[in-house]
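So for the sequence shown, this note's numbering puts the first residue at 1; every next one is plus one.
Do not rely on the hints blindly, as some may be mistaken.
[Stated by the list, open to error] Quick list of in silico lysine to any residue cross-link-like pairs, SDA-like style, CA-CA up to 20 Å:
#1 Lys-304 - Asn-277
#2 Lys-304 - Leu-417
#3 Lys-304 - Leu-414
#4 Lys-304 - Phe-352
#5 Lys-304 - Ser-281
#6 Lys-304 - Phe-278
#7 Lys-304 - Ile-314
#8 Lys-304 - Ala-316
#9 Lys-304 - Ile-351
#10 Lys-304 - Pro-315
[Stated by the list, open to error] Quick list of the computed label-pair ranges, beta carbon to beta carbon:
#11 Lys-304 - Pro-90: 34 to 42 Å
#12 Ile-113 - Leu-326: 42 to 50 Å
#13 Ala-322 - Ala-101: 46 to 54 Å
#14 Trp-166 - Gly-408: 36 to 44 Å
#15 Leu-106 - Leu-326: 39 to 47 Å
#16 Thr-104 - Gln-162: 20 to 28 Å
Hints are computed from structural coordinates only; laboratory data are not their basis.
Glycine residues also receive a C-beta, built at the ideal position from the N, C-alpha and C atoms.
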Amino acid sequence: MTGSHAAPSRLFLMVRRVAGDPLYRGSLVLLTNTAALSAMGLVFWTLAARTYPAATVGSFSGLTSGINLLAAVAALGLPNVITRHLSRTPNPLGLMAISLAAITALGGSLCAIAILVLGPHLPATLHLQQHGRIVYLVTVLVIGTALSGAIDAGLVAVRATQAVLWTNLAGAVARLVAVCLLTSLRSSGLVAAFSLGLILATLLSALCLAARVAAGERRAASSRPRRGHLTAAARMYLGTILGILPSTVVPLEVLAARGAAQTAPFAVSFLVAGFLNFIPSTTSQVLFAEASRRGTHISSQLPKALRTSYLLVIPALVIVMAGAPLVMRIFGASYAAQATGCLRVLALSAIFTSGSYLVDSLLIARDRTGAYVFMNGANAALVLGCVYALVPRGLTGAAVGWALAQAGSLLLGLTVLAVGGTGRHRSQGRSP
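Start from the sequences and build out the full structure, keeping to the hints where you can.
Here is the structure:
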């Protein structure tokens, strides 16, 4: 074979090898899903920022943060259990039915309690002080968000990641169309557009999962989950809740300290900077999966994960920091004036969060669940404390608090890895 044909042939073989591996194929599809949804989310927030008042957008960002937090609590850690056990259980439909029923019951209860207790204290622009249909709508959003995460976990478990991509895209497109058509409803229009996209994506995903699971189900006498399923859920539940606190509570801290109008540019910069975390989060999932395989040594996988994360994150970080004024100007001149510095600092923190993602994967791969829960709790305490202390100095102050906390969390994580034991390495681990 001549040199001119050898390079394309090697490239073809490499692509074929990656496409034929379920782990890497699924990871690439999920990365594409995350990137596509993030791009659609950016368009959604751009339309919202240019169509709705800043105070309305800021209040809406606080509402979505609260919904995501309640949904994580309502999910009971079951998405991790589904990912690990669905493909191996003799009755996958039974496992999914019980999991979704538990999420629905607890999610509805938690949401009703939260709105009754917190409703009078929420921003008036969202009209959540009222009762009736608005309360029911928010309850549906919490349950739908929790169910969506569990169903997506099921699709990943049965290697139907393409369905995750297409159903989520359908919901995102519906959300974009609705946010343009419902402008006259003001703040209710944002909530309605968000609701429509979520419900559509969840229903489509449920149909895809039911068809996929029913086609390959092995009949079993009982739909009752094994004790190991419940133990795994309880073991990861606390870590999951602690892990989601920073991203959901920080916008609420900014809302309480700076008001709805300033929360809008912070929420947008928070969203844009969050795009940088897609690379390390996906890489950490691959690292965890590879390190959990029988006969695989973590030491052989970690250098590759480090190279993949930082070789991709650093160039993207430089681009975001250099183009921060232009990026924020997309949302409006006031957004650029208030949050350009905030975006730059938040983007810089990706250097630290990239390492923290890998630390979490290593802890779980070594079966050090206690250390994993401790690290998530420490990170939440550092982030919420630092942001609370510095947000009175402005949006950039809040971003500095976030970055300092992420740096401290990474240093703490490296210390935990260095002084801790190796843990029990299992052929199949838990999802971080």
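Hint by hint, here is what the structure shows:
1. Lys-304 - Asn-277: Distance ~17 Å between Lys-304 and Asn-277 Cα, so the pair holds.
2. Lys-304 - Leu-417: This hinted pair holds, its Cα atoms lying about 18 Å apart.
3. Lys-304 - Leu-414: holds, 18 Å
4. Lys-304 - Phe-352: Cα-Cα ~18 Å, so holds.
5. Lys-304 - Ser-281: holds, 14 Å
6. Lys-304 - Phe-278: holds, 17 Å
7. Lys-304 - Ile-314: Holds: Lys-304 and Ile-314 sit about 16 Å apart, inside 20 Å.
8. Lys-304 - Ala-316: Within the cut-off at roughly 19 Å; holds.
9. Lys-304 - Ile-351: Since the Cα atoms of Lys-304 and Ile-351 sit roughly 17 Å apart, the hinted pair holds (cutoff 20 Å).
10. Lys-304 - Pro-315: It holds: about 17 Å lies between the C-alpha atoms, which stays within 20 Å.
11. Lys-304 - Pro-90: 34 to 42 Å: holds, 36 Å
12. Ile-113 - Leu-326: 42 to 50 Å: holds, 44 Å
13. Ala-322 - Ala-101: 46 to 54 Å: Roughly 50 Å apart at Cβ, these two residues keep to the hinted range, so it holds.
14. Trp-166 - Gly-408: 36 to 44 Å: holds, 40 Å
15. Leu-106 - Leu-326: 39 to 47 Å: Since the Cβ atoms of Leu-106 and Leu-326 sit about 44 Å apart, the hinted range of 39 to 47 Å holds.
16. Thr-104 - Gln-162: 20 to 28 Å: holds, 26 Å
No hint from the list above goes unmet by this structure.
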